[in-house]
Amino acid sequence: MSDFRATLDAWRERGADRFDPVRFRIIEAMERRAINHDGETRRVLNARLTELIDAFASDLAANVQPKAPDGESASGPLSGLIDYLANTRAPSAYPEMAALEYFRETWNRISTERQFRQSLAQVPGNAGPLNSSSLVHRALSLMRELSPGYLQQFLSYADALSWLEQMNAASGTAADKDAPRSATAKKTARGKSRSA
1 MSDFRATLDA WRERGADRFD PVRFRIIEAM ERRAINHDGE TRRVLNARLT ELIDAFASDL
61 AANVQPKAPD GESASGPLSG LIDYLANTRA PSAYPEMAAL EYFRETWNRI STERQFRQSL
121 AQVPGNAGPL NSSSLVHRAL SLMRELSPGY LQQFLSYADA LSWLEQMNAA SGTAADKDAP
181 RSATAKKTAR GKSRSA
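Counting in the UniProt record's numbering, the sequence shown runs from 1 upward without gaps.
One or more hints might be untrue.
Computed spacing ranges between beta-carbons, pair by pair [claimed, not checked]: (1) Asn108 - Gly15: 47 to 55 Å; (2) Ser171 - Arg23: 40 to 48 Å; (3) Val22 - Asn108: 40 to 48 Å; (4) Gly149 - Arg23: 22 to 30 Å; (5) Tyr102 - Ala158: 22 to 30 Å; (6) Pro124 - Arg104: 17 to 25 Å; (7) Arg18 - Arg104: 29 to 37 Å.
Rather than coming from a laboratory, the hints here were simulated on the basis of the structure.
Quick caveat: nothing in here was measured; it's all calculated off a predicted structure.
We put the beta carbon where it would ideally sit given N, CA and C, even for glycine.
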């Protein structure tokens with residue numbers, strides 16, 4: 001067993017492999033590779049391994065943390081950050097939820113008014129009683145008068161459907177494109193077989 005392997009095993013027993021797991025795995029991989037080579041290649045790999053192990057050891061010494069009382073290694077810097085955030089962010093740190101609800105309602109109201117004005121702008125000036133734009137705007141006007149809350153829900157539902165339709169059109173599913181072509185191809189193939 002090489003000196004490098006002994007050092008790596010000792011670090012693993014102490015839990016130092018969790019200090020920088022990626023760099024530790026790189027050092028292990030290089031140590032395994034060095035074992036399989038001889039001569040100049042082995043010398044170059046050993047020199048590089050020495051550099052990596054020395055750098056890891058110096059970083060480890062600079063960030064040494066005491067052993068935890070139960071014998072396992074103490075937590076690393078990331079878990080220390082998580083502990084800090086957990087202690088500073090108590091549930092009472094989020095009193096703005098009532099304000100958030102207020103702003104959400106305000107935004108819904110503004111959005112509904114904007115959509116209502118857009119529907120009015122789409123109605124032609126000389127539209128007849130059966131013009132679809134005129135009918136839609138009249139229905140929205142009645143909803144607005146009778147139940148503004150229902151109008152908000154209806155418009156948000158219509159927005160969601162419109163968004164889904166746009167996403168579906170943008171994705172251009174292959175099934176929709178290939179279905180007419182395959183039917184046409186079958187007709188052409190049948191026509192050719194009949195004429196032959």
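Each hint tested on the structure:
1. Asn108 - Gly15: 47 to 55 Å: Holds - the Cβ-Cβ distance for Asn108 and Gly15, about 53 Å, lies within 47 to 55 Å.
2. Ser171 - Arg23: 40 to 48 Å: holds (42 Å)
3. Val22 - Asn108: 40 to 48 Å: The hint (40 to 48 Å, Cβ to Cβ) holds, given that Val22 and Asn108 are roughly 47 Å apart.
4. Gly149 - Arg23: 22 to 30 Å: violated (58 Å)
5. Tyr102 - Ala158: 22 to 30 Å: holds (24 Å)
6. Pro124 - Arg104: 17 to 25 Å: violated (35 Å)
7. Arg18 - Arg104: 29 to 37 Å: Since Arg18 and Arg104 have Cβ atoms about 43 Å apart, the given range 29 to 37 Å is violated.
Hints 4, 6, 7 from the earlier list are contradicted by this structure; the remaining hints agree with it.
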